[in-house]
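Each protein sequence line maps, in turn, to chains L and S.
Per my numbering, the very first residue in the first sequence carries number 44; after that it's consecutive.
Per my numbering, the very first residue in the second sequence carries number 44; after that it's consecutive.
Fair warning: there could be bad hints in the mix.
Each pair may be met inside one copy or between any two copies, as identical chains are not told apart.
Heads up, simulated DMTMM-like pairs for lysine to aspartate or glutamate below, C-alpha to C-alpha not over 20 Å straight-line [said to hold, decoys possible]:
#	residue 1	residue 2
1	46	81
2	67	97
3	174	239
4	67	137
5	96	77
6	96	154
7	67	154
8	67	106
9	96	106
10	96	81
11	67	81
12	174	189
13	86	97
14	96	156
15	86	98
Quick caveat, the hints were computed from the structure, so don't treat them as lab data.
There are 2 protein chains.
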Amino acid sequence: MAKQDRAIRTRQTILSAAARVFEKHGYQAATIIEILAEAGVTKGALYFHFQSKEELAQGVLSEQDQHLALPGRICKTQEVVDVIMLHAYRLQTDPMVRAGVRLSLDQQAHDLDRSGPFLNWGEVLTGLLEKAQAQGELLPHVVPRETSDVLVGSFAGVQAMSQALSGYQDLAERVRSLLRHLLPNVVLASVLASVDLSLTRGVTVFTELTETHDEETAVPVG
Amino acid sequence: MAKQDRAIRTRQTILSAAARVFEKHGYQAATIIEILAEAGVTKGALYFHFQSKEELAQGVLSEQDQHLALPGRICKTQEVVDVIMLHAYRLQTDPMVRAGVRLSLDQQAHDLDRSGPFLNWGEVLTGLLEKAQAQGELLPHVVPRETSDVLVGSFAGVQAMSQALSGYQDLAERVRSLLRHLLPNVVLASVLASVDLSLTRGVTVFTELTETHDEETAVPVG
Numbered sequence: 044m045a046k047q048d049r050a051i052r053t054r055q056t057i058l059s060a061a062a063r064v065f066e067k068h069g070y071q072a073a074t075i076i077e078i079l080a081e082a083g084v085t086k087g088a089l090y091f092h093f094q095s096k097e098e099l100a101q102g103v104l105s106e107q108d109q110h111l112a113l114p115g116r117i118c119k120t121q122e123v124v125d126v127i128m129l130h131a132y133r134l135q136t137d138p139m140v141r142a143g144v145r146l147s148l149d150q151q152a153h154d155l156d157r158s159g160p161f162l163n164w165g166e167v168l169t170g171l172l173e174k175a176q177a178q179g180e181l182l183p184h185v186v187p188r189e190t191s192d193v194l195v196g197s198f199a200g201v202q203a204m205s206q207a208l209s210g211y212q213d214l215a216e217r218v219r220s221l222l223r224h225l226l227p228n229v230v231l232a233s234v235l236a237s238v239d240l241s242l243t244r245g246v247t248v249f250t251e252l253t254e255t256h257d258e259e260t261a262v263p264v265g
Numbered sequence: 044m045a046k047q048d049r050a051i052r053t054r055q056t057i058l059s060a061a062a063r064v065f066e067k068h069g070y071q072a073a074t075i076i077e078i079l080a081e082a083g084v085t086k087g088a089l090y091f092h093f094q095s096k097e098e099l100a101q102g103v104l105s106e107q108d109q110h111l112a113l114p115g116r117i118c119k120t121q122e123v124v125d126v127i128m129l130h131a132y133r134l135q136t137d138p139m140v141r142a143g144v145r146l147s148l149d150q151q152a153h154d155l156d157r158s159g160p161f162l163n164w165g166e167v168l169t170g171l172l173e174k175a176q177a178q179g180e181l182l183p184h185v186v187p188r189e190t191s192d193v194l195v196g197s198f199a200g201v202q203a204m205s206q207a208l209s210g211y212q213d214l215a216e217r218v219r220s221l222l223r224h225l226l227p228n229v230v231l232a233s234v235l236a237s238v239d240l241s242l243t244r245g246v247t248v249f250t251e252l253t254e255t256h257d258e259e260t261a262v263p264v265g
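The task is simple: from the sequences and hints, build the whole structure.
Given below as structure tokens:
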């Protein structure tokens, strides 16, 4: 394994350990010592990648951003739905995404700047809504930045409510219900009529992404 | 002061102290010892009212419920708006409400049942929406329970986003933006046209309530 590959892998090991420790204790009570023990790396290795607990938390927070890119759709409203439904699916299945979302909502993490995920999600959704607007999918009164803020904020709460009430069992249903309440006031009915809002949309998009990725990285045989 | 009054006052002192400690450290890291010190009461007094840290947290969580009742309005949609805008105002101004909301979103509080506020808010808003429906204020497709869940969940997230990005400075604006996105898909346009969604609605309702309360409890002079 090349030196660089090894460094990337170590960084990932440390981030995964940090995610587990932050998820268990919250930001305030988490300690670098416990993250070290959980990761099973040397102090030197950890400090090579992260200078402080805050940097570790920022690393976990920004892991969500890796997943914001999706294959483009002709219908930009569908892309908005897909990016949200996929995130809901990842929240249920990927501990790193879960840790990031919880950190961003950790209102006790007073000295941690938690604005990153809100702002990045805001950027991505604003961009998609602007494209949707440019191709005439949106109702005339819509301000993409404002709608994007509402989507990001309300999603954060709906996932927290789903976690508190059902341990994420009803997450896809709650997210769909949110979108069904919001989208008719944002998107033309004629566009909405062909948007897939099914409960399995998240896993469908995830599978599509994983398969594309496998094809790209597959080594041709023979 | 009668014995009962003193007990009520002590209970309130303890709850306020608990709210401050939970808000500072989160549920997991908070200790009864620190709550005791913060409240300045005896161990016996504390345990007379609350048997455990969980009971203290449930006490803080349920303090929000005190504030759910509002003077009735002819327009039930306005009552929905008022209860939400008033809650936003209290969140900015009342540390106990703030501590309760944060506890309910504390995803690290694994062994604390945080469903109470979500369910109580759900009940209240479902009830109001059912009344609104009965008097013909709502669009025909609306299911009050489902819309109520969306309102409760999305409010929780919008407040968290406002806290993370602006320390609650933009809370009223974000909540109004949320309602402007949701209500046109729930309420008849003819009803919405006369609903007050102004940014100062929360403080207006609060003042109205406080004045009513003062009149009721005022001791006649002379």
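Each hint tested on the structure:
For a Cα distance limit of 20 Å, the shortest separation of residue 46 from residue 81 qualifies neither inside one copy, at 23 Å, nor across copies, at 53 Å. Taking identical chains as interchangeable, the C-alpha atoms of residue 67 and residue 97 lie at most 20 Å apart whether they share a chain (16 Å) or sit on different chains (18 Å). Taking identical chains as interchangeable, the C-alpha atoms of residue 174 and residue 239 lie at most 20 Å apart only when both belong to the same chain, with a minimum of 18 Å there against 33 Å between chains. Proximity of residue 67 and residue 137 under a CA criterion of 20 Å is satisfied intra-copy only: 15 Å inside one chain copy versus 29 Å between copies.
With identical chains, the CA atoms of residue 96 and residue 77 are at most 20 Å apart within one copy only, with a shortest distance of 11 Å there and 25 Å across copies. In this assembly of identical chains, the alpha carbons of residue 96 and residue 154 lie at most 20 Å apart only when taken from the same copy (11 Å versus 25 Å across copies). For the identical chains of this complex, residue 67 and residue 154 are neighbours both inside a copy (19 Å) and across copies (12 Å), given an alpha-carbon limit of 20 Å. With identical chains, the CA atoms of residue 67 and residue 106 are at most 20 Å apart within one copy only, with a shortest distance of 18 Å there and 27 Å across copies.
For a Cα distance limit of 20 Å, the shortest separation of residue 96 from residue 106 inside one copy, 16 Å, qualifies, whereas the shortest one across copies, 34 Å, does not. When the C-alpha separation of residue 96 and residue 81 is checked against a cutoff of 20 Å, the pair qualifies only within one copy, where the shortest distance is 14 Å, while the shortest distance between copies is 28 Å. Only within a single protomer do residue 67 and residue 81 lie at most 20 Å apart by alpha-carbon distance; the minimum there is 12 Å, versus 26 Å between protomers. Within a single copy, residue 174 and residue 189 get their C-alpha atoms as close as 15 Å, which meets the 20 Å cut-off; across copies the closest is 30 Å, which misses it.
When the C-alpha separation of residue 86 and residue 97 is checked against a cutoff of 20 Å, the pair qualifies only within one copy, where the shortest distance is 16 Å, while the shortest distance between copies is 37 Å. Taking identical chains as interchangeable, the C-alpha atoms of residue 96 and residue 156 lie at most 20 Å apart only when both belong to the same chain, with a minimum of 12 Å there against 29 Å between chains. Taking CA atoms no more than 20 Å apart as the test, residue 86 paired with residue 98 passes inside one copy only; the shortest distance there is 15 Å, against 40 Å between copies.
Hint compliance for this structure: hint 1 alone is broken.
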